[in-house]
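Given the structure of chain A, go ahead and fit chain B onto it with the hints provided.
Listed here are the chains, written in short residue letters.
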Amino acid sequence: MTGMWPSVAEERAMAFSKRAGSWRTVSTTAAIAFFVLTMLAIAAFNWFCDLLTLPNGWATAIVAIALAELLIWRGHLWGTGVEGALWIGGLFAFIFALPSSGKPEAVLTFVAAAAISGWRVRNALFGALAVVLLTVYLMVREWPWSAMLFSVAVAVIALLALIRTWKRPSTETLWNVLAVVMPVAALAGGLQAADLRSDARVVGLFVALAGFALAIGIRKRVRGALVAGVVSIVSAGVAAHDFIPFSTETRLILIGAAALVITGAIARALRGRERGFVLTPTSSTRETLLTVMPALLPTSSAASSPQPVSGGGTFGGAGSSGQF
Amino acid sequence: MLSFEPEVIAARDAGAIDPPTAARLIAIERREIFSVHDELRALAWIGAMLIITGVGIIIKKHVQDIGPLTLAIAIGAAAAACYGYAAWRRRLGVHNLADDSVLLLGALLVSADVGFIEHQWHVLGAEWQRHFLLLAFVHGVGAYVFGSGALLSLSIAALAAWMGIERRAEILFTATTDLALRAFACAAILVAWREIDRRVRPIRNFEPLFEHFAANLAFWGALIFTVDRDTRWYGLVIALVLAAFSLVHGFRRRRELFVIYAYVYGLIAVDIVVVADFLHDEIVVAAYVMLSTVAVIVALFVTHMRLRRAEA
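In order, the protein sequence lines correspond to chains A and B. Residue numbering for the first sequence follows numbering that gives the first Met the number 0, beginning at 0 and increasing consecutively. Residue numbering for the second sequence follows numbering that gives the first Met the number 0, beginning at 0 and increasing consecutively.
Among the clues, some could well be false.
[Claimed, not checked] Taking CB as the label site, the calculated pair distances span:
no.	chain 1	residue 1	chain 2	residue 2	range
1	B	R90	A	G203	41 to 49 angstroms
2	A	R163	B	A76	24 to 32 angstroms
3	B	V283	A	M3	31 to 39 angstroms
4	A	G203	B	H61	28 to 36 angstroms
Hints listed in this document are in silico derivations from the structure and should not be mistaken for laboratory results. All C-beta atoms, glycine included, are put in the ideal place defined by N, C-alpha and C.
With the rest of the complex left out, here is chain B:
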C-alpha cells in the first residue's frame, strides 16, 4: 500500500488545508473510506463489451441455425430492452454505475442489428453505406437524450464510417487523396457540430470529444496528402497549419494532448516530405530521422514545461 497521510498532516499543520478536509483525506489514505467507483465502472464496461462480443460471434457463426429474421428481432429486442431500462432509470431520477454501460450495450446492439439487417437483406441496395448515416443519427439523438459521451463517440465513428474513413495505420499508405478530402470534410462537420453544441447546451462535456476526433481526422487527412506525390506539399502545409492551431489550442485550453498532437503529427508530415523528396541515401535518411526525432523530443519537452508553468 501507499499512504500520503504524512503529506496531508504536513499540509494541515502548515495551514494549507483546513482540519475537516484534512480529516477526510486522512480517512481516505487510511482506507477508512475506500472508493470502488472506478473499479465498478470498469467492471460494468467490461461486461457490456463481453456481451457484444458474444453477440458478434453468434451473428457470425449461428445465423443459419437461429434464422436471420429471428436473430435480427432478438438483437433488436435486446437493444430496446437496454434503452428502455436506461430511459426508465432516467425517469425515476436514479442512477447506478451499471446504467451507462447498459445504455452503451444497447447502442452497440443497435449498431450490430442494423449492420446485420443491411448485410442480410440489402435494404438500402447500392446505397448500403447510408446505414452508417442512420446509425450516426440514432446514436447522436441518444447521446443528447441521455447525455452520454459514449454514444456520441459511436455517432461520430458511424459518421466517419459513412464518409468512408477508417482508422487503420496501413490506410495511410494505400488511401487516395479523395479519402483525405473526406477526412477534412468530416473534421469540418465535427467542428461545426461542436459550435452548435456549445450554443445549444450549457454543459460542455461533449466538447473534448468533438475536438479530439476533429483534430485526428484532420491530421490524418493531411498525412494522406503528404504520402501522395502530387499533393505532398499541400499536405505538409496543411499539417503544419493544423499543428500550429493544435499547439495554440493546447496552450489556451490547457490540453496537453493537443500539444503532443502538434509535434507528433508535424514530425511525421515533415519526415515524409523530406525523406521522399530530398533524401535518397539510406545513411542520410537514418541520420535525419534520428536528428529530427531528437529535435522534436527537445522541443516537446520545452513546450511541455512551459505548459506546466502556465497551468500553475
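The following block holds chain A by itself, in its conformation from the complex:
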C-alpha cells in the first residue's frame, strides 16, 4: 500500500529487509552516510543561492522539501537518510535565512522545524530534538525549574509509554530516545542555575526518576527504561556533586570500579540461566528473522501466499520481486 508513509506492516517488515512492498530503505550505516552527504549538498545549494542573491532560505526549503516528497511518493524511499536530511535541512536553512530577532522565541521555530520533519519522515531523533529544543527554550528564558521539571515529565511519559506494546518501530524508538535523553536535558536545565547545583531536591528528583525507570525496566523488561535508569543515576550523581566529598578523579575511579564489579556480579548471578534475565546474546533472533522474513513480506500487489525460503534469497510469489 503506497501513501505518504509505509503502512504499519511495511514499516515492521523493513526491520528485516531493505524492501517492503514498494518501499525501499538502507542500513543504518548507509543512512548516516546519506544523511551527511545530503546535508552537505543542501549547504552547497544554500550557498549557491546566496551567491546568486536569490532568497536562499525560501529556495533551499522549497527545493529540498519538494525533492524529499518526490523521493517518498515516487521513489518510495524511507529511512534512507536522504529524505530526512532534505526535510530538516530545508526547514533549518529557511529559519537560518530569517532576520534574527534575538528573542528566545526564535528557538521555537527550530522546535517546530524539528517536530514537523520528525513527524513527516517518522524520525525519532528529529522528534527528540524538538523536545530537547523546548527544554533549551525554557533554559534561554532562564526558567531552570521549568526546564528541569518539563524534561523529567517527558521522561516519565516516555517510560510509561514504553510499557505499552507499539506496532510501529519508529514510535517505539521515539519513546526510547526520549526516555534516555530527557534526564540529560533535565540535568542541563537544572545545572543552569547556580543555586540548584547544591539542591537536595534536584538530587532527589533524579534518584526518584532512576528508581522509576529501573522499576519499569526490570519488571516489564524494557531495554530503554534500563538505560534511562542508569542515565538518571549518573545525572543524580552529577547533581550531587557538592554533597560527595571526593575529588572528581577519585569519584571517576570509584564509579568505574563499581561499574566493573556490578557487571561481574550480575554476570555471575545470571550465569547458566535460560529464562528471565539471561546473558546469552539474542541477536540470533533478529538474524533468524532476517533470513526468513523476506519470504513473508507484504508485496505491492494483492497479498501473495508466502513460501518457505530455501537455498538463497530468491523466490517467486504473486507479484513479488524475486530478489532484494
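Relative to the frame of chain A, chain B by itself:
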C-alpha cells in the same frame, strides 16, 4: 515495547521456521527470555573508561603531591593486577563479561604509565617516540595472547603514533607530504600484518580491524597528497585507485563500509583537485560541490542497492 511475535508466528505457520525455533523466538519477543549481554558489556566498558579518565586526571594534577616514582609504580601495579586477573581467568577457562574490559583497562594503564615514565624521566632521550613502538609491541603481544581485538586496536594506534600519524581533521590541511608517505607505509605494514595473521591463525576475527585501519590510513595519505599543490594529481590518482580497490573489496566481502569509503574519500579527493586547480569563481564552486555531492549520493545509492541484491 515492540514485539515481532506476529511475524514469528506467521513464519512458523508458513513453515519458514521450525516450531522449536519459533517457540524460542516467541519467548524472546514476550520478554520471557531477556538478554542483558550488550548492556552489561557496555557498562563494563564505561567503567574501564571512567577509571582510566580518573587516572589521567591524577597524572595531570597530582604528580607532585603523590610523587612521580610512587605514581609510576602504582599505575604499573594496577596494570599488572589487571593483566594478572585476565590471565588467571583465562587459565581457569572461565569468562565473564567484565573480563574483556578489565584487560582493556590494564592495557590503557600500561599506555598511561609508559607515557608518563617517558615524559617524566626521558628514558629514551631524543628517540622518545620509540615508546609508541614499545607500546605497539606490548599491546600486539597481548592481543594475540588474549585474542583481544581491543588490544589490537591499541597496538595499531600506537604503531601509527610512532610513525607520527594523528587522526585529527585539521591535520589534513597542515600536514606535509612526508606524513602522507608515513601513512602509506603504516597502511602497508598493516596489510602485511593482516596477511601474516591470516596464515598463522585459523580465526579471522582480527581481519576487519586491519582492513579498516589500513584503508583509512591509506585514504588519509592520499588526501594529504591532494591538498599539497606539488603532489595533488598523484594524490588524486592514488585516491581513485584506492577507491576502486575499496569498492571491489566491499563487494567481494559484503562489507558495506568499504563501499562508503570508496565514494566518500573519492568525492573529497576529486573535489579538492577540481576546486583548487580549475574553479575560481565562488558561484561555480558552490554549484560544483552541490552537483558532485548529489552525483555521489545517487551513485552510492545505486551501488548500495546492488550490494544488497548480491547479499540476498
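Going through the hints against the structure:
{"no.": "1", "hint": "R90(B) - G203(A): 41 to 49 angstroms", "verdict": "holds, 47 angstroms"}
{"no.": "2", "hint": "R163(A) - A76(B): 24 to 32 angstroms", "verdict": "violated, 52 angstroms"}
{"no.": "3", "hint": "V283(B) - M3(A): 31 to 39 angstroms", "verdict": "holds, 37 angstroms"}
{"no.": "4", "hint": "G203(A) - H61(B): 28 to 36 angstroms", "verdict": "holds, 33 angstroms"}
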